[in-house]
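Chemist: The residues making up each chain are set out below.
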Amino acid sequence: MASKKNKNKKGHGAIKSVLQWLWRQFSSVRLAVILILVVTGLSLVGALLIQAPAEISGDPQAYSSWVNMVSANKMGGWAPVLSALRLFNVFRSPWFIIACVLLMINILICTLNRWNSIKSGIRGGSIKQEEVFYTSGDSCGRIDNIQLVSADVALLSEKILKGRGYRARIQSDNTFLYIAADRNRYFKLGTYLSHFSLILFVLAFAAGNYLGFREIKFSVAEGAFREVGHETGLSLQLVSFVDEYYDNGAPKDYRSEVILYEGAIPVKEATIQVNHPLVYKGVRFYQSYFGPAVKMQIRDENGQDIFSGNITMDDSFVIDGVQRYKGIIELDSLQDIGQVNLISPAINAVDDIIPAGFIGVDIRNKNNEQIDLKLVELGKSRVIAGMEFTYLGESSYSGFQVSHDPASTIIWIASALFIFGMFAVLYFPFRQVWVFSRPSGKESSSLFLCARSPRGFKSNSELNAIMDQIKKELTSHPAMDGKEDN
Amino acid sequence: MSGLESIFLTASLACVILVLLVAVFSSVISRKNSRAVIDKDKGGRSATGTPSGVLSVSSKILTILSLVLVTLTLVFRIIQTGHGPFSNMYEFALAYVWGIIAMVIIFEWRYKTASVRNVGLIVALLLLIFAVVKHSTPQPLVPALQQSTLLSVHVASAVFAYGVFTISFGAAVLFLIQNRRSLSWLPDKETLDIISYRSVIIGFPLLTLTIVLGAIWADIAWGKFWSWDPKETSSLVTWLIYAVYMHARLMRGWKDIKAAIILVAGFGAILLTFFGNYIFTGLHAYN
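Residue numbers (my numbering), protein chains in the order written: chain V, 633 to 1118; chain W, 4 to 290.
Check each hint, because a few of them may be wrong.
Straight line, CA to CA, 30 Å or less: simulated DSS-like cross-link-like pairs of lysine-lysine [what the hints assert, rightly or not]:
(1) V/Lys751 to W/Lys227
(2) W/Lys227 to V/Lys958
(3) W/Lys35 to W/Lys63
(4) V/Lys884 to W/Lys137
(5) V/Lys706 to W/Lys137
(6) V/Lys900 to V/Lys884
(7) V/Lys1104 to W/Lys63
(8) V/Lys1103 to W/Lys35
(9) W/Lys258 to V/Lys849
(10) V/Lys884 to W/Lys227
(11) V/Lys706 to V/Lys884
(12) V/Lys900 to W/Lys258
(13) V/Lys913 to W/Lys227
(14) V/Lys884 to V/Lys849
Source of the hints: derived by calculation from the structure; they are not laboratory data.
Using the sequences and the hints, build the whole thing.
Modeler: So, in structure tokens, the structure goes:
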């Protein structure tokens, strides 16, 4: 029994020492610097090396084709190696994620670990310092032969320090007087603000990705409706789309007139432009892209409408060097038909198979096997697979990005807190001054001062300014004949 | 109007060249004086390396004149375009030059060091040459850039940040030279270290603000505040390098040379971000 207890005790001791070791490692600034350098290096790779488009990263086949394309065009034999190292997706790679997570842990532990020193700085440490403290420091000075008693000298120093914005705490020990003064002590908390806001930022970023949604390809043809989904109950109707150009051909404006519906009720009419998204209940619609649409009517053999409306031709593809657009009409209600693919030539493209003014109608069954493929001329009808297709005209579609990020406000708050915390730490540095006054004769005293400033700030300049001020005050005293010895 | 802009641009270039020529001349005299002092009193050294007398005053006046000329070039450009200098590399290079010259004037006034100013002005000169080469007639703004106020503040913040980081680069380069050669006509290492640090604590919050403002604009224009666009990422790399510098100063053995090397790397990252348009493809692809 005793040996089992000892074993448990040893086990706990080992765990404790491992945890302590980990805590020590993660509370080191050196590790922070190393981790920041790792994140920097990986980010540099991400900036310089071509990255796989986000939309194919979840599709292994598309990603593999993309790597083959990169290999053929640019990288040669290096592409598979870089791909295996996940460097084409560096910001989603385990290396980057692990480095970021470790850095966040490091920031958290480093910040927590500094609490005691910050708390003691805010409370104020020991007032009384040994005389050697004043004689051995780098930023120390003294004024000798002051024709005042040490209590008066200390009071004068206290007054000057308070006048310079210091909190001065005084302590006497018989005829010896000690002052510990500090300035900007609460601004030390800025380091907490900036580091915790970084953690908040990363958490909000992750929460936004997890809880929100983003549709990067949300195409709506003119006159058509489209449901947003994601349990929002919203749908968007595109009333019209306009693209304008300058005389030199550069784009001037893209704008979509839309009506937003919640259920069946129109809740907002708006114009969506680049830089002017539509926002409703946290859901944002951004103007993103645009393209052609076709107006098509389909009737069954009895002359009944199966479909009538505008179809977005938002799928661009290239075959034998000819670019074409594809739009899809889902006809699930029909027994034998799965979908109808509409194929049009690209604008200004020379297409021998689908000439300008025609549209290809490709009818597929439920298994996506082709039933028939015919061309229909603009403004005319044609019967294909027992249905009458009428190509009524050309139109446009507008493409939006639709997103909902419930944590975006937190991200902006975290950014503001980070900047605020940084300003507090960098522009209101914590400064400390210690003063010691002791008698050096019957009616004379000596004054010792030491100053400490954060790295990058010269303590001497602050010390000299305080000493100059003290000496100036002393010279106005008739009985005073001060002598400085730095 | 375009004619006046070109005249002021050329005059700015000439003026910066003149400041640097005066600096070279004054440096030669300063070195001679320094040698004379050393001969007279071994161990004597110039405290700040600032050229004295007429040459010092001339170089200061010419530096201020350079700022006035670059300001006028920018003003005439802004009057023509109707927006801030953010639509192409010429405009941003000009704004960056303005930021450098403004900062060298402030730092020279504060620290009385002509040497750091001269390094800054060499960078400004190279950028001015680039601007002259890239000078182009104004083009209308594409829809994404039609967010004048936010973009102007974003670019203004970047201009000040890059300008002040150029100072830290100058001080770091001189620190590394001083560390090897210990030249009497250059500022001492402590002063250079202080200049480096002070410039970074001005530049780092400004760079943070630039990135945050850019993210806000991206959120409005593109629907995503961060897209890992190469130029965005490159600015993050710059930010991280300066973050390393800020933390490295707290570590034993990372002060002095290593800190100066980090600052040189930081400036390299700034150049990569600035000229990245010619390397990267992405949302910031403009010339």
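Chemist: None of the hints should be skipped; say for each whether it holds.
Modeler: Consistency of the hints with the structure:
1. Proposed proximity of V/Lys751 and W/Lys227 is contradicted: the alpha carbons are some 40 Å apart, above 30 Å.
2. With a C-alpha separation of about 28 Å, the suggested pairing of W/Lys227 with V/Lys958 holds against the 30 Å cut-off.
3. Taken as a hint, the W/Lys35 and W/Lys63 pair is honoured in the structure, with Cα atoms around 21 Å apart against an allowance of 30 Å.
4. As the CA atoms of V/Lys884 and W/Lys137 are separated by approximately 23 Å, the hinted pair is consistent with the 30 Å bound.
5. Distance hint between V/Lys706 and W/Lys137 is fulfilled; the C-alpha atoms sit about 29 Å from each other, no more than 30 Å.
6. Proximity of V/Lys900 to V/Lys884 is assessed by CA-CA distance (about 25 Å); at most 30 Å being required, the pair is judged to hold.
7. For a cut-off of 30 Å, the pair hint linking V/Lys1104 to W/Lys63 is broken: about 34 Å separates their Cα positions.
8. Between V/Lys1103 and W/Lys35, the direct Cα distance comes to roughly 40 Å. Violation of the 30 Å bound is thereby established for this hinted pair.
9. Restraint check: the Cα-Cα separation between W/Lys258 and V/Lys849 comes to about 50 Å, which exceeds 30 Å; the hinted pair is violated.
10. With a C-alpha separation of about 22 Å, the suggested pair V/Lys884 and W/Lys227 falls inside the 30 Å cut-off, and the hint holds.
11. A hinted pair counts as satisfied when its Cα atoms are at most 30 Å apart, and V/Lys706 with V/Lys884 does not qualify at roughly 34 Å.
12. A C-alpha spacing of about 59 Å is found between V/Lys900 and W/Lys258, which places the hinted pair above 30 Å, so the restraint is violated.
13. With a CA separation close to 17 Å, the supplied pair V/Lys913 and W/Lys227 stays within the 30 Å bound.
14. For the proposed pair V/Lys884 and V/Lys849, the alpha carbon gap of about 22 Å is at most 30 Å, so the pair holds.
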